[in-house]
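Take the sequence shown: its position 122, counted from the start at 1, is 122 in our numbering, and no numbers get skipped.
Heads up, a few of these hints could be off.
Said to hold, decoys possible - Derived PhoX-like pairs (lysine-lysine); straight-line CA-CA distance at most 20 Å:
1) 369 <-> 524
2) 101 <-> 13
3) 524 <-> 547
4) 530 <-> 518
5) 218 <-> 238
6) 340 <-> 326
7) 340 <-> 497
8) 346 <-> 369
9) 330 <-> 406
10) 406 <-> 117
11) 317 <-> 2
12) 326 <-> 346
13) 326 <-> 369
14) 366 <-> 530
15) 317 <-> 346
16) 326 <-> 101
17) 497 <-> 455
18) 340 <-> 524
19) 497 <-> 468
20) 118 <-> 317
21) 326 <-> 118
22) 406 <-> 362
23) 238 <-> 191
24) 117 <-> 326
25) 455 <-> 530
26) 191 <-> 2
27) 346 <-> 272
28) 406 <-> 578
29) 340 <-> 238
30) 61 <-> 48
31) 346 <-> 362
32) 9 <-> 317
33) 547 <-> 574
34) 455 <-> 468
35) 346 <-> 366
36) 317 <-> 191
37) 547 <-> 340
38) 366 <-> 455
39) 366 <-> 340
These are computed hints drawn from the structure, not numbers from a lab.
The model shown is predicted, which means the values in this text are computed figures rather than measured ones.
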Amino acid sequence: MKSLKYLNKYFLKYKWRLLLGLIITIGARVFALFTPQLIRNSTNAIEKYVNGEIVDVEIVKSELLYNIGLIIAAVFASAILTFLMRQTFIVVSRFIEYDLKNEVFTQYQDLSLDFYKKNRTGDLMNRISEDVSKVRMYVGPALMYGVQTVTLFVVVISYMISAAPTLTLYTLIPLPILSIAIYRLSVAINKRSAVVQQFLSELNTFTQESFSGIAVIKSYGIQDKFNSDFDHLANESKEKNVDLAKVQAIFFPLMVLLIGFSNLIVIYIGGKQYINGEIESVGVIVEFLLYVNMLTWPVASVGWITSMVQRAEASQKRINEFLEQKPSIKNHSDEIENIKGDIEFKNVTFVYDDTNITALNKFSFKLNKGETLAILGNTGSGKSTILELIGRLYDVSEGEILIDGKPIESLNLSELRQQIGYVPQDAFLFSQSIRENIKFGKSDASEEEIIAAAKYAAVHENIMGFSKGYDTVLGERGLTLSGGQKQRVSIARAIIKDPNIVLFDDCLSAVDTETEEKIFNNLKEISEEKTAIIVSHRASSARNADKIIVVDNGQIIQEGNHQELINIDGYYKKLYEKQLEEKDS
1 MKSLKYLNKY FLKYKWRLLL GLIITIGARV FALFTPQLIR NSTNAIEKYV
51 NGEIVDVEIV KSELLYNIGL IIAAVFASAI LTFLMRQTFI VVSRFIEYDL
101 KNEVFTQYQD LSLDFYKKNR TGDLMNRISE DVSKVRMYVG PALMYGVQTV
151 TLFVVVISYM ISAAPTLTLY TLIPLPILSI AIYRLSVAIN KRSAVVQQFL
201 SELNTFTQES FSGIAVIKSY GIQDKFNSDF DHLANESKEK NVDLAKVQAI
251 FFPLMVLLIG FSNLIVIYIG GKQYINGEIE SVGVIVEFLL YVNMLTWPVA
301 SVGWITSMVQ RAEASQKRIN EFLEQKPSIK NHSDEIENIK GDIEFKNVTF
351 VYDDTNITAL NKFSFKLNKG ETLAILGNTG SGKSTILELI GRLYDVSEGE
401 ILIDGKPIES LNLSELRQQI GYVPQDAFLF SQSIRENIKF GKSDASEEEI
451 IAAAKYAAVH ENIMGFSKGY DTVLGERGLT LSGGQKQRVS IARAIIKDPN
501 IVLFDDCLSA VDTETEEKIF NNLKEISEEK TAIIVSHRAS SARNADKIIV
551 VDNGQIIQEG NHQELINIDG YYKKLYEKQL EEKDS
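Starting from the given sequences, assemble the full structure and let the hints guide the process.
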């Protein structure tokens, strides 16, 4: 139960609702207890008539009708209170589910990129869906039936002891056996529940990755292999679930057996006590039989409740693993400052923790507000890392980055990112309309601003070519669009944000050189006062930049402007001449 202590703050938050639910539960159980007592009175009346103690049958009929009326009223009151009890506890469980899902999602948003490199998407989805649902069953049905069971036991056993103490003692003999059995089975269920949740995460991860990579799977013709792998994983998951179900299946037969044994004890011991005159009437035996059967569901539900609690414990433990993690990138300032756009790297070294690869080594450059910097280099040279460090997706290992002359760590993280328009190499679009994807950069953008941004990104005509235009809903990850169209919509999303710093990470690799030239001319027109960094494999993307640096193995090997670099032998000149020849041919 250690992991479930995390939920105590939610119980405190909704304490008044839960207290109301407790009062309603007690009321519902008290009204439910009227029925056995009224049936006992009715049985006693019939017994007295049979024994000749009452000679007028009308008196018996009158008492029976009176008792029937009270039974109907008590049952009706108990039913209404039971309905209100369910409404109270189940509604609270939904509130807590909502709060917990939001907390988990917020934590996912706050955690840094290195977290997502170490964890799989399917597993993350499973923890915010399946695991939270298991926890909801604990704070809802398990809590409700637990309170109901405890209340019923206390009230029923109190009545039983007041009616026949010795008979009550014999009747409750099976309960210690039941407690031991529940404890043993609970341990087994807890272990199996944890394994089941683990396999469910693996199954979700495999499925999510298969759906995301369906184009690759089909193009390589390996559907049979993936079907076989899925079948193997699903079969293992099935076996673990069956293993759990076998243990859980023992509960209900065991409960029924023990309750049946209690009924036999009531009939046998109660009958002997009645014969010996130790209890006043047959009605007491009937009342006890009703009490024992009234306890059947609570006793049986103990197993079910225990199972839910054990599953919730396993799930909350998995959720806590993520909630307890601290983001490596932290906001150290609440002060909102206007970021102008001066950028300086001073002897920056960065090493990726997960691979121990040194992406940048003693890296330095300076860029003033309004200037454009182009970064070129081979794949894996560290170009994208520079942009990620400016957006503080990672923190440097050594050295420092200055924005407007201040250490980047000292700036308000939210404000810094608000002032950056970042277009990643892999253009990610959401499964919404094209309009909504562009507005992602500015949620309150007008239609004119959306169209203007699309025109600057040279994608407006493509969009209007679709039957629904800007209302075209994209497939997952923008599947509806071509690679070049996705990149340009992503650029429009950054443009509409109107930031002071724009970062383009090889975001025109899928666009022809003519369209690329048009886009860069448009960008130059709207970003005269903006600081821009363009990462590219093309010299054509860099030639109009104020500064150009060529990166290799995390270090600058060439630096200057276009004219300076083509006048000296080196990487840039060779790249420019090679791409010029390709264009002419």
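message: Given the hinted pair residue 340 and residue 238, is their Cα-Cα distance within 20 Å?
response: violated (58 Å)
task: Starting from residue 346, check that the Cα of residue 366 is at most 20 Å away, please.
output: holds (8 Å)
field: Holds or violated: residue 340 to residue 326, with C-alpha atoms at most 20 Å apart
entry: Measuring from Cα to Cα gives roughly 30 Å; hence the hint is violated.
message: What's the verdict on residue 406 and residue 578, does the C-alpha distance respect the 20 Å limit or exceed it?
response: violated (41 Å)
- prompt: Straight-line Cα separation of residue 117 and residue 326 no greater than 20 Å?
  reply: The hint holds at about 15 Å.
query: Can the restraint linking residue 191 and residue 2 be considered satisfied, given a maximum Cα separation of 20 Å?
result: holds (15 Å)
query: Holds or violated: are the alpha carbons of residue 366 and residue 455 at most 20 Å from each other?
result: violated (31 Å)
message: Would the hint linking residue 366 and residue 340 be met if the CA-CA limit is 20 Å?
response: holds (14 Å)
- prompt: Is it true that the CA of residue 455 sits at most 20 Å from the CA of residue 468?
  reply: Holds, because 17 Å separates the two Cα atoms, which is no more than 20 Å.
query: Do the alpha carbons of residue 340 and residue 497 lie within 20 Å of each other, as the hint requires?
result: holds (15 Å)
- request: Assess, step by step, whether the Cα of residue 326 is no farther than 20 Å from the Cα of residue 369, and give holds or violated.
  value: violated (34 Å)
message: Just to be careful, I want the Cα atoms of residue 218 and residue 238 compared with a cutoff of 20 Å; is the pair within it?
response: violated (27 Å)
The structure fails to meet hints 5, 6, 10, 12, 13, 15, 19, 27, 28, 29 and 38 from the earlier list, while all remaining hints are met.
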